[in-house]
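Number of protein chains: 2
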Amino acid sequence: MMHRHETDENCQPVETDTDSLDRREFLRTSSLAAVAGAATFAWPNRSFAAAADLDAINAEIAKRHDESVKRLQTWIRQPSIAAENRGMNEGCELTMNMLREGGFGQVTKVSTDGQPGIFATLDAGAPRTVGLYFMYDVKQADPAEWSSPPFDAALVDKPGLGKIIVGRGAVNQKGPEAIFLAALHAIRGAGKKLPVNFVFVAEGEEEIGSPHFPQIVRRPEVEAALRKCTGVFMPFAAQGLGGDVTMYLGAKGVVELELTSSGEKWGRGPRKDIHSSNKARVDSPAWHLVEALATLVSPDGNDPVIQGYAAKARPLSTADKQMIAEAAKRLNEAEAKKLLGVERWVHDVDWQQALELLTSRPTVNIEGLVGGYTGPGGKTILPGKAVAKMDLRLVPDMTAAEALASLKAHLAKHGFADIDVHMSGGYDPTSTAADAQIIRASAAVYKKNGVDPVLLPRLAGSWPGYVFTGDPLRLPAGHFGLGHGNGAHAPDEYYLIESTNPKVQGMDGAARSHVEFLYELASIA
Amino acid sequence: MMHRHETDENCQPVETDTDSLDRREFLRTSSLAAVAGAATFAWPNRSFAAAADLDAINAEIAKRHDESVKRLQTWIRQPSIAAENRGMNEGCELTMNMLREGGFGQVTKVSTDGQPGIFATLDAGAPRTVGLYFMYDVKQADPAEWSSPPFDAALVDKPGLGKIIVGRGAVNQKGPEAIFLAALHAIRGAGKKLPVNFVFVAEGEEEIGSPHFPQIVRRPEVEAALRKCTGVFMPFAAQGLGGDVTMYLGAKGVVELELTSSGEKWGRGPRKDIHSSNKARVDSPAWHLVEALATLVSPDGNDPVIQGYAAKARPLSTADKQMIAEAAKRLNEAEAKKLLGVERWVHDVDWQQALELLTSRPTVNIEGLVGGYTGPGGKTILPGKAVAKMDLRLVPDMTAAEALASLKAHLAKHGFADIDVHMSGGYDPTSTAADAQIIRASAAVYKKNGVDPVLLPRLAGSWPGYVFTGDPLRLPAGHFGLGHGNGAHAPDEYYLIESTNPKVQGMDGAARSHVEFLYELASIA
Chain Z
6 MMHRHETDEN CQPVETDTDS LDRREFLRTS SLAAVAGAAT FAWPNRSFAA AADLDAINAE
66 IAKRHDESVK RLQTWIRQPS IAAENRGMNE GCELTMNMLR EGGFGQVTKV STDGQPGIFA
126 TLDAGAPRTV GLYFMYDVKQ ADPAEWSSPP FDAALVDKPG LGKIIVGRGA VNQKGPEAIF
186 LAALHAIRGA GKKLPVNFVF VAEGEEEIGS PHFPQIVRRP EVEAALRKCT GVFMPFAAQG
246 LGGDVTMYLG AKGVVELELT SSGEKWGRGP RKDIHSSNKA RVDSPAWHLV EALATLVSPD
306 GNDPVIQGYA AKARPLSTAD KQMIAEAAKR LNEAEAKKLL GVERWVHDVD WQQALELLTS
366 RPTVNIEGLV GGYTGPGGKT ILPGKAVAKM DLRLVPDMTA AEALASLKAH LAKHGFADID
426 VHMSGGYDPT STAADAQIIR ASAAVYKKNG VDPVLLPRLA GSWPGYVFTG DPLRLPAGHF
486 GLGHGNGAHA PDEYYLIEST NPKVQGMDGA ARSHVEFLYE LASIA
Chain U
6 MMHRHETDEN CQPVETDTDS LDRREFLRTS SLAAVAGAAT FAWPNRSFAA AADLDAINAE
66 IAKRHDESVK RLQTWIRQPS IAAENRGMNE GCELTMNMLR EGGFGQVTKV STDGQPGIFA
126 TLDAGAPRTV GLYFMYDVKQ ADPAEWSSPP FDAALVDKPG LGKIIVGRGA VNQKGPEAIF
186 LAALHAIRGA GKKLPVNFVF VAEGEEEIGS PHFPQIVRRP EVEAALRKCT GVFMPFAAQG
246 LGGDVTMYLG AKGVVELELT SSGEKWGRGP RKDIHSSNKA RVDSPAWHLV EALATLVSPD
306 GNDPVIQGYA AKARPLSTAD KQMIAEAAKR LNEAEAKKLL GVERWVHDVD WQQALELLTS
366 RPTVNIEGLV GGYTGPGGKT ILPGKAVAKM DLRLVPDMTA AEALASLKAH LAKHGFADID
426 VHMSGGYDPT STAADAQIIR ASAAVYKKNG VDPVLLPRLA GSWPGYVFTG DPLRLPAGHF
486 GLGHGNGAHA PDEYYLIEST NPKVQGMDGA ARSHVEFLYE LASIA
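So the protein sequences, as listed, match chains Z and U.
Each residue of the first sequence is one higher than the one before, counting from 6 in my numbering.
Each residue of the second sequence is one higher than the one before, counting from 6 in my numbering.
Incorrect hints may appear among the rest.
If several chains are the same, the list does not tell them apart, and a pair holds so long as it fits within one copy or across any two.
Lysine-lysine pairs mimicking PhoX-like chemistry, simulated, CA-CA at most 25 angstroms apart [claimed, not checked]: (1) K75 to K163; (2) K270 to K343; (3) K68 to K270.
Keep in mind that the hints were calculated from the coordinates and are not lab data.
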């Protein structure tokens, strides 16, 4: 639920036609930016992989194209939806088999209080060890909304783009993950030795807020293995429609929760829906909720006023601000507004300020309001219950636990102690230094492939990187991968298999980028 | 939507098990109350109908029992649901045929901008003419929630009650209406002359707020005919489970509306749902709605603070207060609270004050909140739109038009001019004097049948009686009929056909009460 394609996190309209332009299109570079640590982004020495080695591996990637497509199709065709508890064990087992086939020597299912995770290792005898993070669950899908069934994994020609695979999980995250496995198969198939060792962790609850991911990573044997890593990354399809890439040095944390006002718990108002004429003599849990909500933010609905909520929010550093200023020059405000369907930013700020707010501002958002009669027309009832679905986005050094506690304390202080606060998922923010090896290696491979990535301090969306970047591991963590896909959480999710645009990599190009990335990780200083 | 069984209007939990006790059970008289004008409630002289005449008619009612049941079944089996535009013309035609069979000489379909109405007259050559108001539409019904299909009109034995007919419209309002027609058939079948003439109007949009009812009543020929009437009544099943009856001298008016906050109209926030991470830089139509709602009522959600909204609200008169004080003694507070599922009234007022508020207080109620993601769990979106479904209940001398105007002006004044206010239905309050003939005749027949009705100044629910009681007609209007049913707007709606409780009339007893009522109307001073 929390993590998805980063650009979607920021800008992709949710549940709109996936044919609509991806926000990444406006990321196209109009000016080359100096990014932090640019000097280190030069293509490194290729001591680990001679050009001939890479050529052999790339040939193997091409040779195994159909096999790779088939692997991804097999994976998509096994739905594993944590929110529906559907196909979870099957999805876990299938992923474990794919890891074994990909060369992982030790592959273990890790039970949790929820869906099982996976811990695996691949010892290539290399000096360096890299962490890998996968998810094997996908978001729900309503087949009625799809142009081809979400678990058919159909190959379709998409005008202007190329051949795509359509299916739930195609880009989020089975496509990029399968393509990473394709890279491993190609290296082995070409008779080459892997340049790094791997420590692998996967969860099956990413789409419901990773509630039990710490139970996987905090196991002593997993934690011990991860300690050997130089960093952790998740395979990703980073390219927009124009080939552009934005890199984020972290992500906001999130708390997803429901506020429920009910006559049952309040002791005022009705326990069930009653006829609305009774409003004259009976309290209303729906009004109670509205009044409680109104205390949480400024009157314009924009600024959280929950006492203590943002007390630990770290302001942007000078380096952060410089990074954003540079990004503001390269990213197109008009296109961003168009894609979001907005005419102005909060407080009518300018583009750079909007990016600063997006990066730095903790939020209190209403995802949904559900109370009483929600069908067409009206129904003369006084509802016994009303619910606000909320999410809070957190910046360092806020924590999910403290944010939740501050909300509860605020409600109690303002006379709303009866309102039930149910946190369904969420986690702390995550941050990685710009000079971390995986960041530098990512940028280097992107640049080698002609893509100068826009760099931002933080994704405004969320992913559970805090398990790696926070105490006790404090590892760098991020995403990597050329390639393109879209429609995460939306109908007609796709991943690009064969690209008609030379600036955008198809599946084989994405696999090549992973090979290059592994060699880069092995060699970078 | 507005009118229903009055007791349901006040106290019946909506969409709960209809087996639950009806609120009328607590209406059982524990003390005989002196009601306004009690002297006139004595059983009148029977100059119009000799005892022998009534006996012959009652025998005819019994003889035609099966025929009457069949008529009601036929009617229920023809769904006519305005909200779904389902079976409306068929339902109108069927009603017209039933009127012709019942003896109406002239029966005309009246077109409106919505569903057609009916205008009919029956000239019995009597000195007095009485108005009749019918509705031929019914509320929606979800068969999955019913123990027997809503349009099967099954006859079922209900323990402790007797034989009932189960079906949508059984009590609201086809049952009482069909039983009134049964009374007409019986009078004619017994070879007797009707004691009064009738002017009949019916609408097919009662359940959607009677938006076009004035177009029927305001037609010159209809208005002219109604001017001859001494009053207008609607057949009704007035008895609770214990046989008790509460009479109301009017009803609150109502405005049903939707407040919609959208990025589209606001010019701030997104036009469609976007990812929730954007809250940091994009305004939220959902928060905008919450802030607007919070300005409409006092911080406890109980008292409307819309400027000018209640300016014309007429306070309770001394007579009103006396009537409520008497009712408070006879009605059981503990049972009312139990049936409503509430532990305390607003402001912790006592029972008499609660009844005063119910009668006298204009309300601003939230029927439903619908915005963004409303499914299970959460979804990280910033919704482009949020809606509050509301109803306002009005007392004399407020009007629906002025209430709506004050709400719009209030929103505009507080910075919410962009919030769309869509009134879907509603109308003015209605009032009838306690000494009106139809009120006195109703009370007299109830008392003659051993029921001392509780009298209240006003129903807190609503029905479109204003078309009769307001300008220009200014006719008394109300409801009448012994008999019992329950579940209006709920699953397993029923009407009592054969009663096992001698205090509660079944279908034939209800028909007899109509016969007595007509003779009473003809003879009362």
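Verification of the hints:
1. K75 to K163: within (19 angstroms within a copy, 63 angstroms between copies)
2. K270 to K343: Between copies, since 16 angstroms is at most 25 angstroms while 44 angstroms is not.
3. K68 to K270: Neither: 64 angstroms inside a chain and 55 angstroms across chains, both beyond 25 angstroms.
The structure does not agree with numbered hint 3 stated previously, though it agrees with all others.
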